[in-house]
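Please take these sequences and the hints and turn them into a complete structure.
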Amino acid sequence: MPSPSPSSSPSVRHHFPPFALLAGALWSLPASAAPPEEGLQLLGGIGWAYDDNLLRQADSAPAFGGQRSDTYSTLEAGVVYNKHISRQRIAATAKVSKVAFDHFDQLDYNGRDLQATWSWELGNAFEGRAEALYIQTLAPYTDFNSDERNLRQRRRQAFDAGWKMHPSYKLRVGAERDKTSYDLLIQRANDRTEKAVEAELLYQPKSGSALGLVARRVKGSFPYRRPYLGSVVTDDFTQDELKLRVNWLASGASTVQALAGYVRREQPSYGKGATSGVNGRINAFYTPRGKIGFNAAVWREFAPIESLLVSDTLNKGASIGAHWAASAKLTIEAHAAHERRAYTARIDRGGAGIGNGIGIGNGAGAGAGAGAGRDALRDAIRSASVRAVWQVRPKVQVVAAYVHQARSGSALLGTGRFDANLVQVSANALF
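For the sequence shown, my numbering begins at 462 and goes up steadily by one.
Among the clues, some could well be false.
Distance windows between CB atoms, simulated [said to hold, decoys possible]:
1. G527 with A711: 53 to 61 Å
2. V717 with A586: 26 to 34 Å
3. A676 with G734: 19 to 27 Å
4. V853 with G527: 37 to 45 Å
5. D563 with P666: 52 to 60 Å
6. A711 with W851: 31 to 39 Å
7. T748 with L503: 29 to 37 Å
Cross-link-like lysine-lysine pairs, in silico, DSSO-like; alpha carbons within 30 Å at most [unchecked claim]:
8. K559 with K790
9. K856 with K752
10. K777 with K680
11. K752 with K790
12. K640 with K544
It is worth saying that the hints were derived from the structure and are not from the lab. Here the structure is a predicted model, which means the values were calculated and not measured. Glycine is no exception: its CB is placed at the ideal position from the N, C-alpha and C atoms.
This is the structure in structure tokens:
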């Protein structure tokens with residue numbers, strides 16, 4: 462099947478975890494919930510999965526090659542290093558994986574996961590963290606209509622340092638660089654580098670709760686310009702944030718965490734050139750008994766977006782989860798989330814926008830044009846999962862999981878409704 466044009470479907474980065482990333486996370490569980498052992502250890506894993514809509518195609522769209530479902534297997538191997546040196550701690554993981562699909566074998570790929578962290582302390586007043594990672598994996602197809610292999614590489618370096626200038630006050634500064642790139646030529650306009658700096662004044666009373674004021678600036682640069690209406694545009698942006706960070710120990714069983722405040726995102730190539738407003742996330746944790754725990758979250762966040770037709774998205778969502786330690790070796794976890802995405806139409810210098818009749822799609826609404834209402838630029842994603850973790854031995858885990866994802870779709874954007882279900886089983890061990 463020929464490759465779709467770059468406008469076949471918008472590709473969106475979610476703060477809400479995309480289905481493919483959630484599924485991938487289930488393969489890569491630590492072999493033990495206990496504190497990691499000192500020194501060097503080998504790790505290995507094997508897994509199998511069945512997905513009834515692997516490429517996240519709309520219900521009304523024809524399936525690639527007449528098939529939507531597929532099964533795939535995963536093999537992984539690597540090393541884990543953990544070491545305390547005086548008051549310093551070094552932790553590193555180097556892992557490779559091989560993923561093979563039964564039907565869509567053109568998607569077969571070799572994954573890489575390299576991560577290292579140095580947690581440091583200097584005297585009684587200074588502490589911090591330095592980390593680096595490199596991850597290569599298959600990018601999600603939730604908002605990308607193709608059956609081609611779309612590998613994504615992510616490189617991140619980060620450093621932060623804190624100064625305890627008073628028993629109850631701490632000043633923290635940090636910086637990070639996050640680079641993302643794609644193998645597919647039609648996706649290279651989404652290659653980007655984001656650099657961030659931040660400072661925080663944190664108040665930590667003896668109660669154990671904490672309150673912080675965080676100022677942060679993020680600059681995003683895209684090396685390849687995006688073609689649009691016979692010209693090109695840049696997705697470069699600058700985002701400034703001023704937020705409150707809260708960690709409230711409400712009781713012995715309840716904790717509330719929040720990071721919320723004002724955000725302004727400037728993107729000169731987009732119609733208004735700026736988006737601003739309240740932005741944040743609140744998480745709550747409740748553990749009434751030793752074996753049972755609950756968690757919930759709500760959020761309202763501006764999300765980066767990778768599309769020819771829309772310039773940004775405001776995501777509003779909520780999630781709830783629970784875990785139950787059924788026995789000393791068996792834990793059962795459940796999670797559900799719902800997120801609504803509201804898009805802003807991209808407008809060129811002459812004022813033309815997607816409401817002037819630009820239509821795209823894969824059979825799920827191509828050709829939508831003038832007069833589209835506000836709801837035409839909205840969709841929603843919901844997901845639910847159940848996972849059972851069996852700790853066979855201190856260093857051996859077996860995991861079984863079921864995940865469901867659904868999208869409502871937007872006719873104007875050509876992203877139709879779909880449902881997808883995943884079942885997988887994996888085993889992981891340290892040696």
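Structure versus earlier hints - violations, ascending order: The structure breaks none of the hints.
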